[in-house]
Amino acid sequence: MKIEYKFVDGTVTEIEVDGSLAEFMLEMKNEGEKVERKETRRHVLLSAVDPEDRYFDSGRDTPEEFARKDELERLTAAIGRLQPQQRELLRRIYWNGEKQKDIAAEDGVSERAITGRMKKIYAALKKFMD
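Residue numbers (the numbering used here): 24 to 153.
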């Protein structure tokens, strides 16, 4: 019976062996595959359990990551305390990338008025985050 033999250097060849050795080699290969399947089932990726990196280390420096998440939560809470018009202006400028000049023209006010509104928003956010 012929079996496929892989050398250490990576080359593969077929060699002729007697039946008992071929059966033994096949049994060893099957047993190795069973063990591999069994081991694979035991492993669970942390990214599957925690896709948003909330509970396990994301690979970044833990104190820095904790501080960043804490600051982001505080900022989100502060934005939530703004007036609806202020949140809308913030969204248009930072998330939509609209220019203050265009917003002013659309609202029928001066660009300086929009700048003033943004200063009030910054002051309110700073107050809420302290």
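Accuracy of the hints is not assured; some may be wrong.
List of simulated lysine-lysine pairs, DSSO-like, C-alpha gap at most 30 Å [what the hints assert, rightly or not]:
1) K52 / K92
2) K142 / K92
3) K122 / K142
Just so you know, the hints here were simulated from the structure itself, not pulled from any lab data.
Results of checking the hints against the structure:
no., hint, result
1, K52 / K92, "violated (48 Å)"
2, K142 / K92, "holds (25 Å)"
3, K122 / K142, "holds (15 Å)"
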